[in-house]
Amino acid sequence: MTPQSPVLLVVIPLIFAFLTLPFGWWRKGLCYPITLVALSLSFLASLHTLHTVITTGTIHYWLGNWEPPWGIEYVVDHLNAFVLVIVSFVSLVVAIYSKRSVEQELPEKIVFFYCVFLLQVAGLLGIVVTGDMFNLYVFLEIASLAGYALIAIGEDGAPFASFNYLIFGTIGACFYLLGVGYLYVSTGSLNMADLFQILPDLYQSKVVLVAFAFFMVGVGLKMALFPLHVWLPDAYTYAPSTVSALLAPLMTKVGAYVMIRIMFTVFKPQFCIELIPVTTILGWMAAGAILFGAVMALAQTDLKRMLAYILVSEVGYIALGVGLANRAGLTGAILHILNDSFMMLALFLVVGAIMYRSGKREISQLRYLHRRMPFTMAAFVIAALSVIGIPPTCGFFSKWYLILGAIDASQWAFVAVLLVSSLLNVILFFRVIEHAYLEPDEEHAGGGSELAITIEEAPLSMLVPILIATAGIMVFGVLSGKIISTVIQFAVPKCF
Amino acid sequence: MIAAFDLVLLLFVLICAIAAISVKDLLSAVIILGAYSFFMCLLWAEMGAVDVAFTEASVSAGIGTVLFIAAVSKTKRRSKD
Amino acid sequence: MFDFILSKYNYWIYIILMMIGFYAMIGKKNLVKKIIGINIFQTAIILFFVSTAAKRGGTLPIVEHAHGHGIHHIHAASYVNPLPHVLMLTAIVVMVSTLGVALAIVIAIYRRYNTLEEDEILEQRK
Amino acid sequence: METIESIRPLLAVLVTLIGALLIVFTGERHRNLREFWTILVSVLKFVIVISMVPFVLEGRVLEYTIITLTQGVSLQFRVDQFGLFFGVLASALWIATSIYSIGYVRGLNEHAQTRYFFNFALCLSATMGIAFAGNLLTLFIFYEILTVSTYPLVAHKETEDAIMGGRKYLAYTLIAGVVILFAIIFIYTLTGTLDFKPGGFLLGRGQSTTLIFLFALLILGFGVKAALMPMHEWLPTAMVAPTPVSALLHAVAVVKAGVFGCLRIILYVFGPELLHNLDLWLILAYFAAFTVIVSGMYALAQDNLKRRLAFSTINNLAIIVMGAALLTPGAITGSIFHMGSHGFMKITLFFVAGAIYVKTHKENISELDGLGRQMPLTMGAFTIGAMGVAGTPPICGFISKWYLAMGCLEAKQVIFLLVLLISALMDVAYFFPIIYNSFFKIPKEAINPHLDEAPAMMVVPLVITAVISLILGIFPNAFFHFFNLASTAAAKILGGM
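Chains as they are written, first to last, in the numbering used here: chain A, 1 to 496; chain B, 1001 to 1081; chain C, 2001 to 2126; chain D, 3001 to 3497.
By construction, these hints were calculated from the structure, which means they are not laboratory data.
Hints may be right or wrong, so weigh each one.
To be verified - Heads up, incomplete: computed chain B residues facing chain C, CB under 8 Å, no partners named:
#, residue
1, I1021
2, A1029
3, L1033
4, D1051
5, E1056
6, V1059
7, S1060
8, F1068
Claimed, not checked - Lysine-lysine pairs mimicking BS3-like chemistry, simulated, CA-CA at most 30 Å apart:
#, chain 1, residue 1, chain 2, residue 2
9, A, K109, A, K99
10, B, K1080, C, K2126
11, C, K2126, B, K1076
12, B, K1074, C, K2029
13, A, K109, B, K1074
14, C, K2126, A, K360
15, A, K482, D, K3197
16, B, K1074, C, K2126
17, C, K2126, B, K1024
18, C, K2029, B, K1024
19, A, K268, A, K482
20, A, K206, C, K2008
21, B, K1074, A, K28
22, A, K268, A, K206
23, A, K494, A, K482
24, A, K109, C, K2126
25, D, K3441, D, K3197
26, B, K1076, C, K2029
Stated by the list, open to error - Cβ-to-Cβ under 8 Å is the rule here; a few derived chain A residues that face chain D:
#, residue
27, V475
28, V478
29, S480
30, K482
Where is the CB? At the ideal position from N, CA and C, for every residue including glycine.
Looking at chain A on its own, in the form it has when it is part of the complex (with noise of 0.2 Å):
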């Protein structure tokens, strides 16, 4: 008997979202909880699945037992597994978050705003969950049009930022549209297994060729992979701070996971790294955005937008990853994934409370911030270590993994770059920390005197995500090998 437990994760959030609308109408207060149990129940979910999948092995869950290539099918392994908590678990600490943000910032927009993130978020577990290739397209759209629905919803210039960010969304799923459409052309089929061996006999085919193409630039374009990212810094500039802090996490990091997929399981490594130099490629443009994230996040003076270019800079080390095609390579790539996915929550968290409290954000108007909220900004140091890469943080070892890998494969130029991103890093960040924590005033220089700050710190709603996903940045860096050793090596596609 298969368990019911991948259907069921992608299935709830969706039935909940539209439960709140008749909710949502009677009692406007009923959405947040709503919401809060259908995460908690897809998380559940998804915990039972990473569970199966490390005893059992693989799921094959056929939707409406219709046999594979026919059927739709829902493959579980290790990888996707593993992205499904990441997925699930992020957007319950975020659910948690947003009951405060939400309140102050969309006062009128309560249910529509729940509605639309359990619909992103089901999009996204279903983009993660499916076998499918169409399938895939699909839930991409779902999540995406969700994600140009919440970010249009934000402050002034939002409607904008998500309109251009939705003509490159719109482009980049065509593309993967016209991809599957090639596939399908030369193979006749859309499941991935399948493909995965159908394929090997047609890579001297042009059509497959062009369907790749076509996948990577769409991928491409959905993780905001440089140089296709220029939507990205201003939709997640604008968003309201829970829609940022829900997609900066996953939205970028899914499609990377979609590319690994793409790669590595519907084609074999040995076409995207003999056949065709795409790796090679791919580690280039990641290098390219480590570096141009870096420099043009330091360029910036406001915090949210600076943490949006830094994002850019993250999606290239997963990317950098992939693009090594080596097992250490990729084993911190899927590290990133998760690693990145909690320093980029707590970041955005972390701007979000700021915001909330101060209504601030430009990084000079930071000044006694430590004073007035402890905790918050405690968390924000311990992101931003992780982020430069400071042991034990969990940062730290992704950067382990990639700089093994760069050396594995002798890439020095890679190895280069990520040491001198982690140096950038340390500008960026401490360029806050100093503006947060220091006070080059005369009358605190030696004296004792204490201006009168007290302390404003965020509410405990709103705090307890925060530490959670701050939490998570230590832990997950104390037991990185545990992790690997239990689902990541795993999740490494097999030739490698």
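Since the structure of chain A is provided, determine the placement of chains B, C and D on it from the hints.
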């Protein structure tokens, strides 16, 4: 599939597409887009995809045009390009 | 050569349509025009899918007298492939949803900037 | 070599970590309770560390593995003689420093005291981790924690200078961290292991050019904290920190961690045999000797007392590295022992500088005339420390320098003996005027002729450290078997040869 009919329809589709993006009046552009969708679904019906044609006719040419007209009427009709 | 081009005419048209849509999405300044571009782009892809399914002399994929008249010989070759059609039904729905969201965003933009021209909006945001 | 599973090293690290948390949550409102935590934790830690001494002296190794970090490398503590030596040194001096700190911050009514004590505790936790780390990765993890947790201490005053000092410190140490990380990963790809082994584990792995390259990277990386000469610039700048921090930075935690790292690299990663094969030892020794001479000359030129002490520190650290690079039993024993003796002597000197600052707000050497009459205890301690650093018997500095000199002869490198002697002369040259002026010179302006010492919380620690450095000079094995630890460590390293 009748090649001549096919070609004529494709030609219409092409003309409508070009017209839709070059007309300066947005309402006209939207109406032309409706026509484009309609020709498109004729083409599909002729190619054997009757179900797609029906959906296109009702959803895209129908609802889509309505949505467009609603949006245009709430905003501006004139466009600079 | 000419035969080759002619025999694949709907693929050529689909590529031309796609380019028209793409141009409108990127090149046009008016936001509604951009959305029209999206629409054309997506229908072009649907045209491509439908064309892959179509066959000369193929008929609708409905098996006649399937019930009660014994076993018929079903010549798969004489039907058009129904699977792309099914996929495209979903794609059309996705297309219209995108359209809806995009138009809603455009209305929100109009409320804020009182214009639909991209250059004027960028001018105002400075 | 017998290995015992023991949780003690972990406890030694954790106790300060918990202490740090207690300090934060107690906060500014209950100052006495907060300070009580500091003292309690420092004493507890010392007890835990000392309790490991008997096992280690018997030649056993205490080991505790927390978790596997990556294939073949664990987050692992392994306490051997060398590590324990450093651990004992740091934990013993922390008690003195924390008592002194309390006197200092209260005497000056410093701001942000909670942050100060929190970071102090964090630093010590990291130092302990460095001391007991069983492999390079564990060492590196704690090394980086140390870097980051020291930053707020350097920038503590929050003046423009302090912030610049903090930035400079971060820039130097984090760049070094990146270099080290690269080298560590490279070594990992070569060998698949990172566990320290007396006598080194790299022998026979990789090409010699690669190894030379790696050695250079690692020494450059760890050399930043050890303030070897072209990379020393951050140390004098970091003197803007409060004096107990300088004491901690320059006598115990940070710079010693750098030296400790260098020695681990030289003796436990590369090992004497490999260094001999690659002819790297002589280059390193010359490199260090250069620092010894140049830093001594810099020290002579300083008028600010703390800056002069900083250059003296650079000088002594280079001597330690030079000794280790000579790779003879005497030199290694001497250099390890010098880590300890220099720690006690230099912390005394910094304590004195702080006491003078708290009492008189004087920072420059030219202003110290006649101070000996006002603060005889303080200046007496300074005399002991300064003479010790110069290598006068019967203070502990003499013993380490004696062994270092023996080591130079064993290695048949008389030039380094000369370097040692010159540096001793320079020590005398830059310390003696201070001592002479403070006791015998008649001050230009009237000075308080009465006894007027700094608060007891400050004077007691500095007297104690001075006395200990005296006792260690007479009985090198007193208290914690320092000398035995150093000499057995040296024997074990060379036993691998």
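Consistency of the hints with the structure:
1. I1021: holds, 4 Å
2. A1029: holds, 6 Å
3. L1033: At 5 Å from the nearest chain C Cβ, L1033 of chain B passes the 8 Å test, so the hint holds.
4. D1051: holds, 6 Å
5. E1056: holds, 6 Å
6. V1059: V1059 of chain B check passes; min Cβ-Cβ to chain C is 5 Å, inside 8 Å.
7. S1060: holds, 6 Å
8. F1068: With a closest approach of 7 Å, the F1068 of chain B hint holds.
9. A:K109 <-> A:K99: Roughly 12 Å separates the two Cα atoms, so the pair holds.
10. B:K1080 <-> C:K2126: Answer holds: K1080 of chain B to K2126 of chain C is near 21 Å, not above 30 Å.
11. C:K2126 <-> B:K1076: With a Cα-Cα distance of about 23 Å, the restraint between K2126 of chain C and K1076 of chain B holds, given a limit of 30 Å.
12. B:K1074 <-> C:K2029: Holds, because 19 Å separates the two Cα atoms, which is no more than 30 Å.
13. A:K109 <-> B:K1074: Holds, at about 21 Å.
14. C:K2126 <-> A:K360: Since the Cα atoms of K2126 of chain C and K360 of chain A sit roughly 20 Å apart, the hinted pair holds (cutoff 30 Å).
15. A:K482 <-> D:K3197: holds, 25 Å
16. B:K1074 <-> C:K2126: Holds - the C-alpha atoms of K2126 of chain C and K1074 of chain B are around 26 Å apart, at most 30 Å.
17. C:K2126 <-> B:K1024: holds, 27 Å
18. C:K2029 <-> B:K1024: holds, 12 Å
19. A:K268 <-> A:K482: holds, 28 Å
20. A:K206 <-> C:K2008: holds, 17 Å
21. B:K1074 <-> A:K28: holds, 29 Å
22. A:K268 <-> A:K206: Holds, at about 16 Å.
23. A:K494 <-> A:K482: holds, 19 Å
24. A:K109 <-> C:K2126: holds, 28 Å
25. D:K3441 <-> D:K3197: violated, 54 Å
26. B:K1076 <-> C:K2029: holds, 14 Å
27. V475: violated, 11 Å
28. V478: holds, 6 Å
29. S480: holds, 7 Å
30. K482: Given a least distance of 7 Å, the restraint on K482 of chain A holds.
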